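A.B. asks: Given next are the chains, with one letter for each unit.
2 protein chains.
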Amino acid sequence: MKKLPEIYDVREVTRSALFRVEQLKLRFSNGVERTYERLAGFGGGHQAVMVVPLLDNNRFVMIEEYAAGTEDYQLSLPKGLVEAGEDLLDGANRELKEEAGYGAEKLEHLTEFTLSPNYMTHHMQVVLAQNLYEERLEGDEPEQLGVHIFSFDELPELVARPDFTEARAMAALYLTRDIIQGRNQN
Amino acid sequence: MKKLPEIYDVREVTRSALFRVEQLKLRFSNGVERTYERLAGFGGGHQAVMVVPLLDNNRFVMIEEYAAGTEDYQLSLPKGLVEAGEDLLDGANRELKEEAGYGAEKLEHLTEFTLSPNYMTHHMQVVLAQNLYEERLEGDEPEQLGVHIFSFDELPELVARPDFTEARAMAALYLTRDIIQGRNQN
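Same order as they appear, the protein sequences are chains A and B.
Per this note's numbering, the very first residue in the first sequence carries number 374; after that it's consecutive.
Per this note's numbering, the very first residue in the second sequence carries number 374; after that it's consecutive.
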């Protein structure tokens with residue numbers, strides 16, 4: 374394992390309501406010095422969670438939400454921030470109920486993703502939700518989200534759609550497909 | 374298809390050397406109004422590209438780079454920004470040579486990813502690189518990156534590693550595995 378660079382200075386450069394930018398001064402083990410910027414603090418210190426809601430071993434639930442970054446409606450998986458004092462799996466179930474209108478009897482932490490580890494400190498927990506039942510909770514969404522059911526058989530067509538581009542949701546679906554297939558073979 | 378919200382105001386809230394934050398005022402088709410923030414302009418308007426370098430139908434090349442966001446060395450795929458006046462595939466090949474020490478005779482655009490379409494305007498082009506040959510170009514990296522070879526057979530173990538967390542690289546590898554398997558069956 375390589376020797377980590379020494380971070381000899383960290384300071385906040387700017388912040389907005391949602392984002393905070395830090396500047397870092399680094400010295401690599403070969404003596405080279407660099408000044409980097411990274412995005413920090415997105416989400417106010419709360420854990421972010423993404424939910425893969427499985428109806429059975431093939432079908433899953435997706436949401437359709439307006440995306441202000443790309444200025445179109447995009448397919449994604451239910452996701453949000455865990456609230457203060459809330460358990461990760463409870464937060465996942467709440468987001469599932471708010472965004473997709475389903476609750477889950479069985480919730481399981483699968484893995485942790487980063488977005489862009491070179492430039493962002495963000496992590497996202499991925500939770501598998503099974504044994505679903507219909508239940509809708511009122512969320513803070515400006516409009517009710519579209520809810521769509523797809524199957525892993527359709528994954529090649531799904532990832533080619535222009536309204537499904539979010540790499541985290543794709544990685545979560547591929548990962549889940551492999552896990553489910555592996556369990557079924559055992 | 375849902376009617377898009379009306380964006381009736383966009384203004385820059387703050388910017389740093391690398392990041393630019395915009396505030397948007399939106400009116401959804403149901404009349405609900407919201408103020409959102411999004412990250413814009415990361416990369417100075419240049420296209421971002423990620424390369425999947427295949428040695429054969431099973432083995433691929435990864436890089437190991439210090440990630441200032443997570444403060445550790447992370448495995449990822451070669452990636453970077455296409456330069457002004459540079460073709461996307463030429464930019465992909467240049468990044469491959471700079472970061473991994475390989476060039477490719479065959480380059481193919483696979484798809485486009487977003488990071489977090491709700492909060493970021495960023496897109497990343499995914500390019501498959503095949504028929505590799507050894508060639509290193511001097512890049513702007515502070516130290517030479519680690520280069521490692523993995524196979525799709527090892528993908529389940531790879532995505533479980535704590536030093537491989539970047540969802541975009543995972544999605545690109547899963548997508549490539551499916552495409553290669555599909556082509557071999559035909």
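Among the hints, erroneous ones may be present.
25 Å max Cα-Cα, derived PhoX-like pairs, lysine-lysine [claimed, not checked]:
(1) B/LYS375 / B/LYS398
(2) A/LYS375 / B/LYS376
(3) A/LYS470 / B/LYS479
(4) A/LYS375 / A/LYS398
(5) B/LYS398 / B/LYS376
Hint data in this document are derived by calculation from the structure and do not stem from the laboratory.
From a predicted model like this one, the values you see are computed outputs, not experimental measurements.
A.B. asks: Of all the hints numbered above, which does this structure not satisfy? Sort the numbers upward.
C.D. replies: 2, 3
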